[in-house]
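K.L.:
These protein sequences, in sequence, are chains Z and H. Reading the first sequence from the start, the letters are residues 1 to 125 in the working numbering. Reading the second sequence from the start, the letters are residues 126 to 273 in the working numbering.
Please note that the accuracy of each hint is not assured.
Stated by the list, open to error - Pairs of lysine-lysine residues, derived as DSSO-like cross-links and limited to a Cα-Cα distance of at most 27 Å, are as follows: (1) H:Lys142 / H:Lys128; (2) H:Lys130 / H:Lys142; (3) H:Lys247 / Z:Lys29; (4) Z:Lys83 / H:Lys237; (5) H:Lys154 / H:Lys142; (6) H:Lys236 / H:Lys247; (7) H:Lys128 / Z:Lys83; (8) H:Lys247 / H:Lys237; (9) H:Lys237 / Z:Lys29.
Simulated from the structure, these hints should not be mistaken for laboratory data.
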Amino acid sequence: MISVWDYVISFLVGGIICFLGQILVIRTKITTARILVLFMVIGMVLEVFNVYAPFREFGKAGATVPIIGFGASLARGAIMATKEYGIIGIFTGGLTAASGGIAMAIFASFIFALIFSSKSKRGGH
Amino acid sequence: MDKQKRNENYNIYVESKVPKTKAWPSLFKAFLVGGIICAIGQGFFDLYSYLFPNLAESEVTTCMLMSIIFITCLLTGFGIYDVIGAWGGAGSVIPITGFSNSISSPAIEFKKEGIIYGICVKMFTIAGPVIVCGVVGSIVCGFVALFI
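Using the sequences and the hints given, assemble the complete structure.
P.N.:
Following this line, the structure appears as structure tokens:
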């Protein structure tokens, strides 16, 4: 079940995606918000053209952990829900698929913001 | 000194003062940090596949993403993720942990401005565009699926 190869592939695929992102950062001084949006849209486009499914099959967590996978799951949720429920699925599908991640990010951030105070003067971003 | 000359000189001055990102080391660091985060994700994926064999692959993936999002928020709270981010560059931004950090970091930072106008509003300064583009994009994808 658990194979070392899965980890090697995850490491390499995830690493290469971040490598490409870092090239963008160096070349264009792109901001955090733009880089996240850009990679998410790339994921959506890949999903619409049915390229993402084989990529996920190959890349394991290396394909789902980067924000590309988040965009692809939004797109896939919308597409699947549209095929199943029709027009209403267009609007419900995307957020339903991504709800776990978004809800956890907001919830955990809120709780930890109540608990912790900022340590560094530099700030996050 | 005419205006254009002065502006050019100023641009040269700014260019000399902006910290240069050294290309190759930073590319390697981004590769390393991004790769390690994805390998940790694969670890959680295998753990949840083992613990909950009945779940579908997409549900296991959601559990895995939620776990690393939670851990990232915790690390941001302790100020550890800022260190990783300063070292790893895009390697810490592009994984879903970067999305999570972009929500928790301003939330903690602007806590002193109050719960509503501090935490709740500032939470979405970076993640807002991501969620908006995500929702709009998914609706476009839905329409595309309707006509294919």
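K.L.:
Looking back at the numbered hints, which does the structure fail to meet, lowest number first?
P.N.:
4, 7, 9
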